[in-house]
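Student: Below, each chain spelled out in residue letters.
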Amino acid sequence: MNLMDAQINRQVIATAAQHDGPIETDAVIVGAGPVGLFQVFELGLLEIKAHVIDSLAYPGGQCIELYPDKPIYDIPAVPVCTGKELTDSLLKQIQPFGATFHFGQEVSTVERQQDGRFYVETSRGTRFLTKTIFIAAGVGAFQPKLLRVEGLSRFDDTQLFYRVRNPADFAGKNIVVVGGGDSALDWALNFVNDGPNKAESVILIHRRDGFKAAPASVAKMKALCDSYEMQFIVGQITGYDEKDRRLVGVKVTGADGITRVVPLDLLLVFFGLSPKLGPIAEWGLDIERKQLRVDTEKFSTNTPGIFAVGDINTYPGKKKLILSGFHECALAAFGAAPIIFPDKKIHLQYTTTSPKLHKVLGVESPVFD
Amino acid sequence: MTHIVSESCIRCKYTDCVDVCPVDCFREGPNMLVIDPDECIDCAVCIPECPVNAIYAEEDVPADQMKFIALNIELSSAAGWKSITKRKPALPDADEWKDKTGKLAELVR
Chain L
12 MNLMDAQINR
22 QVIATAAQHD
32 GPIETDAVIV
42 GAGPVGLFQV
52 FELGLLEIKA
62 HVIDSLAYPG
72 GQCIELYPDK
82 PIYDIPAVPV
92 CTGKELTDSL
102 LKQIQPFGAT
112 FHFGQEVSTV
122 ERQQDGRFYV
132 ETSRGTRFLT
142 KTIFIAAGVG
152 AFQPKLLRVE
162 GLSRFDDTQL
172 FYRVRNPADF
182 AGKNIVVVGG
192 GDSALDWALN
202 FVNDGPNKAE
212 SVILIHRRDG
222 FKAAPASVAK
232 MKALCDSYEM
242 QFIVGQITGY
252 DEKDRRLVGV
262 KVTGADGITR
272 VVPLDLLLVF
282 FGLSPKLGPI
292 AEWGLDIERK
302 QLRVDTEKFS
312 TNTPGIFAVG
322 DINTYPGKKK
332 LILSGFHECA
342 LAAFGAAPII
352 FPDKKIHLQY
362 TTTSPKLHKV
372 LGVESPVFD
Chain X
452 MTHIVSESCI
462 RCKYTDCVDV
472 CPVDCFREGP
482 NMLVIDPDEC
492 IDCAVCIPEC
502 PVNAIYAEED
512 VPADQMKFIA
522 LNIELSSAAG
532 WKSITKRKPA
542 LPDADEWKDK
552 TGKLAELVR
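Protein chains in written order, with this note's numbering: chain L, 12 to 380; chain X, 452 to 560.
Only chain L is shown next, with the shape it has when bound in the complex (with noise of 0.2 Å):
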């Protein structure tokens, strides 16, 4: 999933790039997560299309992040399914409305606009303007934990990476990775491997001899371990060394005590994602306790045109339950039917008998004799 990040990324620069001016819109959906997907659908049903942008470079929010594997029993009509299984069911429910999804980016920015209409933009710089605002930030974007070594932060970007946007830039370096999970050891394997982004040695760092990634890759990097390709230590860091203001190396505290010096030219962390708030705190909206406070007719925020659902809202009596969410998914897009439309009549459609919602939804209307 990892090393699809950086490709993804690639693309999303690019199509930001194509675009002179902000892309217009009706609605722009702030999370990926299972509302933010279902509240393509109900937008979709209404005929309102979306573009979701979200911080990770892959659908499903903390279904992917927090739990893929672990099986959820609370939703309507289905028994059982992981949190993998409701993304990949969500996805292919809301495949007729193509929506645009924008990955691996936080929105930074939204402000109203004088015809009313709200500016949006991204840390990646997309931008857009939109009619409407659905934030589905669950408990907000999930962001890289750091590695809290005194004074290293000076090295982000420059030596010290939490995530590999370009794999070239890692070619023919001296790398270490730091971390035991999935990321940590893909990257690991995937620089020790000849092709274009060979390393030049990879060490990688871990603080036991135990990981939680995929037995098959821990297997794969023993291998190359035996075979003097790579080498693994078992750790932490604990401090660095620099020389003309640059970082030439970490020093490693062993289960032993002892502390070496591990030098390096590129440092990689992956400690995992742990979610953050950011910048929806400073948008001017009412905020209680990391929620934002909505009213329970239609999902709205304080400022009309920002609705907001699942996770990141509270009201009287709030459970945080995805199936709470999908009922304020549907709530706030008819809520915000009359900002998009201001001369349509909004009539309650039902998808079993709705030749209109047969045509959105792409399938043939049933005939009964």
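Since the hints were made in silico from the structure, they are not lab data. Values in this document were obtained by computation on a predicted structure and should not be read as measured data. Incorrect hints may have been included.
What the hints assert, rightly or not - Beta-carbon label-pair distances, calculated as ranges: (1) L:L102 with X:E510: 35 to 43 Å; (2) L:A182 with X:E547: 19 to 27 Å; (3) X:S528 with L:P82: 29 to 37 Å; (4) L:T120 with X:D511: 33 to 41 Å; (5) X:S528 with L:D267: 19 to 27 Å; (6) X:E509 with L:K330: 14 to 22 Å; (7) L:D167 with X:D550: 45 to 53 Å; (8) L:L102 with X:D544: 46 to 54 Å; (9) X:G553 with L:V89: 15 to 23 Å; (10) L:G295 with X:A495: 24 to 32 Å; (11) X:E510 with L:G295: 20 to 28 Å; (12) X:R560 with L:A182: 40 to 48 Å; (13) L:S119 with X:E510: 41 to 49 Å.
Glycine included, every Cβ here is placed at the ideal spot set by N, Cα and C.
Following the hints, put chain X in place on chain L, whose structure we already have.
Tutor: Relative to the frame of chain L, chain X by itself:
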């Protein structure tokens, strides 16, 4: 907002909470666990797991446990307090200490 480990954990450290944490936000000291407030996402799954009811949502912390809000912040980044993600046996005399109150003086940093 975060969740807080309070006094009841001191000298017990049952660690049932760490297995269920989706974001690995527990930190382990010599005789107590704390929650890193920067990592906790308020999912509340840990609360019912604790056999001594040591965990509270920040806004539900009882008046006599308020000092643990600051203690969780401080200890979660204190030297030697490390991430704990897998359950392990409780302290050997945990059962003797579990119903005792006024244990703050017993806290080893």
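Student: When you take the CB atoms of A182 (chain L) and E547 (chain X), is the distance between them in 19 to 27 Å?
Tutor: violated (60 Å)
Student: A range of 15 to 23 Å was offered for this pair. Does it hold for the Cβ distance of G553 (chain X) and V89 (chain L)?
Tutor: violated (49 Å)
Student: Between the beta carbons of S528 (chain X) and D267 (chain L), is the distance compatible with 19 to 27 Å?
Tutor: holds (25 Å)
Student: If you check the beta carbons of L102 (chain L) and D544 (chain X), does the distance land in 46 to 54 Å?
Tutor: holds (52 Å)
Student: For the range 14 to 22 Å, tell me whether the beta carbons of E509 (chain X) and K330 (chain L) fit it or not.
Tutor: With a Cβ separation near 18 Å, E509 (chain X) and K330 (chain L) satisfy 14 to 22 Å, so the hint holds.
Student: Looking only at beta-carbon atoms, does the pair G295 (chain L), A495 (chain X) fall within the given range of 24 to 32 Å?
Tutor: For G295 (chain L) and A495 (chain X) the Cβ distance comes to about 29 Å; the hint holds.
Student: Given a hint of 20 to 28 Å, does the C-beta separation of E510 (chain X) and G295 (chain L) actually sit inside it?
Tutor: holds (24 Å)
Student: Does the hinted range 40 to 48 Å hold for R560 (chain X) and A182 (chain L) at CB?
Tutor: Holds - the Cβ-Cβ distance for R560 (chain X) and A182 (chain L), about 46 Å, lies within 40 to 48 Å.
Student: Regarding T120 (chain L) and D511 (chain X), is the given constraint of 33 to 41 Å on their beta-carbon distance met?
Tutor: holds (35 Å)
Student: Are S528 (chain X) and P82 (chain L) spaced within 29 to 37 Å by their CB atoms?
Tutor: Hint holds: Cβ distance 35 Å, inside 29 to 37 Å.
Student: Within 45 to 53 Å or not, the Cβ separation of D167 (chain L) and D550 (chain X)?
Tutor: holds (48 Å)
Student: Return holds or violated for the Cβ distance of L102 (chain L) and E510 (chain X) against the range 35 to 43 Å.
Tutor: holds (37 Å)
Of the numbered hints stated above, those contradicted by the structure are hints 2, 9 and 13, listed in ascending order.
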